[in-house]
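Undergrad: Here are the chains, one letter per residue:
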Amino acid sequence: AQKVTQAQTEISVVEKEDVTLDCVYETRDTTYYLFWYKQPPSGELVFLIRRNSFDEQNEISGRYSWNFQKSTSSFNFTITASQVVDSAVYFCALSDGYAGGTSYGKLTFGQGTILTVHP
Amino acid sequence: NAGVTQTPKFRILKIGQSMTLQCTQDMNHNYMYWYRQDPGMGLKLIYYSVGAGITDKGEVPNGYNVSRSTTEDFPLRLELAAPSQTSVYFCASSYNTDRDSTPYEQYFGPGTRLTVT
Numbered sequence: 002a003q004k005v006t007q008a009q010t011e012i013s014v015v016e017k018e019d020v021t022l023d024c025v026y027e028t029r030d031t032t033y034y035l036f037w038y039k040q041p042p043s044g045e046l047v048f049l050i051r052r053n054s055f056d057e058q059n060e061i062s063g064r065y066s067w068n069f070q071k072s073t074s075s076f077n078f079t080i081t082a083s084q085v086v087d088s089a090v091y092f093c094a095l096s097d098g099y100a101g102g103t104s105y106g107k108l109t110f111g112q113g114t115i116l117t118v119h120p
Numbered sequence: 050n051a052g053v054t055q056t057p058k059f060r061i062l063k064i065g066q067s068m069t070l071q072c073t074q075d076m077n078h079n080y081m082y083w084y085r086q087d088p089g090m091g092l093k094l095i096y097y098s099v100g101a102g103i104t105d106k107g108e109v110p111n112g113y114n115v116s117r118s119t120t121e122d123f124p125l126r127l128e129l130a131a132p133s134q135t136s137v138y139f140c141a142s143s144y145n146t147d148r149d150s151t152p153y154e155q156y157f158g159p160g161t162r163l164t165v166t
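Order-wise, the sequence lines are chains Y and R.
Residues 2 to 120, numbered by the working numbering, are exactly what the first sequence covers, in order.
Residues 50 to 166, numbered by the working numbering, are exactly what the second sequence covers, in order.
Derived from the structure by calculation, the hints contain no laboratory data.
Everything numeric in this text was worked out from a predicted model, so none of it was measured.
Each hint should be verified, as a subset may be incorrect.
Calculated cross-link-like contacts (lysine to aspartate or glutamate; reagent style DMTMM-like; alpha-carbon spacing at most 25 Å) [stated by the list, open to error]: (1) K106(R) with D30(Y); (2) K107(Y) with D75(R); (3) K107(Y) with E154(R); (4) K93(R) with D105(R); (5) K39(Y) with E108(R); (6) K4(Y) with E108(R); (7) K58(R) with E45(Y); (8) K4(Y) with E27(Y); (9) K39(Y) with D75(R); (10) K39(Y) with E18(Y); (11) K58(R) with E128(R); (12) K106(R) with E27(Y); (13) K93(R) with E45(Y); (14) K4(Y) with E154(R); (15) K107(Y) with D87(R); (16) K4(Y) with D87(R); (17) K107(Y) with E108(R); (18) K39(Y) with E154(R); (19) K106(R) with E45(Y); (20) K106(R) with D97(Y); (21) K107(Y) with E121(R); (22) K4(Y) with D105(R); (23) K93(R) with D23(Y).
Reference excerpt, derived from the structure (chain R facing chain Y, CB under 8 Å, subset only) [as the list claims (entries may be wrong)]: (24) M90; (25) G91; (26) L92; (27) L94; (28) Y97; (29) F139; (30) T151; (31) Y153; (32) F157; (33) G160.
Built from N, CA and C at the ideal position, the CB exists for glycine as well.
My request is simple: use the sequences and hints to build the entire structure.
TA: Written out as structure tokens, the structure is:
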């Protein structure tokens, strides 16, 4: 069975601080995808990133960066110079595997981390 | 494009009542999903569909039914509402091709907040 753990339930920072959200996953699949989604106070989930299990290069998008380490089954998310608009719940998710067939995109979500950025 | 729309936004049901949560997408996505989100928890997959006429169970299907007669619509049916079904329900869609069997990002609707008392 697949599992995603986000150990940090809530994080509170002051604007301009850097913050890292941890994500640890478990899977028996050899090929899979990892995702991060943002859920702002409005409630709708917004896609942030998709990462293939074969690609361990770090990725940076503006103030956002992701560190994928297959050896430790972790896919951490860092926000640099946080802003009040970054306040949201962030979810890490793991897809069903697709080796030798089709992935149906079935996602297993972590419990989410509530990030509050104070001005 | 409206994206993924869900109706109603809020609903209060009495125990034993039935209702259908509506979900429509206008992006011509072939894959659609229903999730539930309990307070302080992540989303859990209820049912999913890979195309019109094809549906399958997710992690928590008990107490729910779905149908997919068109590409656009994926309604979720609660037959005998129970307090344990109090939750926020999200519908999502994505586009997957036969050539590339990898999962793409899912687009989510705004959610339906359901309370069963």
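Undergrad: A separate judgement is required for each hint: does it hold in the structure or not?
TA: So, going through the hints one by one against the coordinates:
Straight-line distance between C-alpha atoms of K106(R) and D30(Y) comes to about 20 Å, which keeps the hinted pair within the 25 Å bound. For the suggested pair K107(Y) and D75(R), the alpha carbons sit about 21 Å apart, so the restraint of at most 25 Å is met. Note on K107(Y) and E154(R): the hinted pairing holds, with a Cα-Cα distance of about 11 Å set against a maximum of 25 Å. Of the pairs offered as hints, the one joining K93(R) and D105(R) holds, with about 14 Å between alpha carbons and a cut-off of 25 Å not exceeded.
Between K39(Y) and E108(R) the alpha-carbon distance is near 22 Å, which keeps this suggested pair within the 25 Å criterion. A C-alpha spacing of about 12 Å is found between K4(Y) and E108(R), which places the hinted pair at or below 25 Å, so the restraint holds. Between the alpha carbons of K58(R) and E45(Y) the distance comes to roughly 12 Å, so the proposed pair stays at or under 25 Å and holds. For the proposed pair K4(Y) and E27(Y), the alpha carbon gap of about 5 Å is at most 25 Å, so the pair holds.
Between K39(Y) and D75(R) the alpha-carbon distance is near 22 Å, which keeps this suggested pair within the 25 Å criterion. Note on K39(Y) and E18(Y): the hinted pairing holds, with a Cα-Cα distance of about 19 Å set against a maximum of 25 Å. Of the pairs offered as hints, the one joining K58(R) and E128(R) holds, with about 19 Å between alpha carbons and a cut-off of 25 Å not exceeded. Taken as a hint, the K106(R) and E27(Y) pair is honoured in the structure, with Cα atoms around 21 Å apart against an allowance of 25 Å.
Under the criterion of a C-alpha separation no larger than 25 Å, the hint pairing K93(R) with E45(Y) is consistent with the structure, at around 15 Å. For the suggested pair K4(Y) and E154(R), the alpha carbons sit about 19 Å apart, so the restraint of at most 25 Å is met. In summary, the hint linking K107(Y) to D87(R) is supported, as the alpha carbons are separated by about 18 Å, within the 25 Å threshold. A C-alpha spacing of about 17 Å is found between K4(Y) and D87(R), which places the hinted pair at or below 25 Å, so the restraint holds.
Between K107(Y) and E108(R), the direct Cα distance comes to roughly 9 Å. Compliance with the 25 Å bound is thereby established for this hinted pair. Between K39(Y) and E154(R) the alpha-carbon distance is near 13 Å, which keeps this suggested pair within the 25 Å criterion. For the hint linking K106(R) to E45(Y), the alpha-carbon distance of about 23 Å falls within 25 Å, and the restraint holds. Between K106(R) and D97(Y), the direct Cα distance comes to roughly 14 Å. Compliance with the 25 Å bound is thereby established for this hinted pair.
About 19 Å separates the Cα atoms of K107(Y) and E121(R), which keeps this hinted pair within 25 Å; it holds. Of the supplied pair hints, the one linking K4(Y) and D105(R) holds, its CA atoms being roughly 20 Å apart against a limit of 25 Å. Using a Cα cut-off of 25 Å, the hinted pair K93(R) and D23(Y) holds, with the two alpha carbons roughly 20 Å apart. Checking M90(R) against chain Y: minimum C-beta separation of about 6 Å stays under 8 Å; hint holds.
The interface hint given for G91(R) is met, as the beta carbon of that residue sits about 3 Å from the closest beta carbon of chain Y, less than 8 Å. Hint status for L92(R) relative to chain Y: holds, with the closest Cβ pair at about 5 Å, below 8 Å. Interface hint status for L94(R): upheld, as the beta-carbon distance to the closest one in chain Y is roughly 6 Å, under 8 Å. About 6 Å separates the beta-carbon of Y97(R) from the nearest beta-carbon of chain Y, less than 8 Å, and the hint is met.
Checking F139(R) against chain Y by beta carbon gives a least distance of about 7 Å; that is within 8 Å, so the hint holds. Below 8 Å, beta-carbon pairs count as interface contacts, and T151(R) has one with chain Y at about 6 Å; its hint therefore holds. Checking Y153(R) against chain Y: minimum C-beta separation of about 7 Å stays under 8 Å; hint holds. For the restraint placing F157(R) at the interface with chain Y, the shortest Cβ-Cβ distance is roughly 4 Å, inside the 8 Å limit, so the hint holds.
Hint status for G160(R) relative to chain Y: holds, with the closest Cβ pair at about 5 Å, below 8 Å.
Of the numbered hints given earlier, the model fails none.
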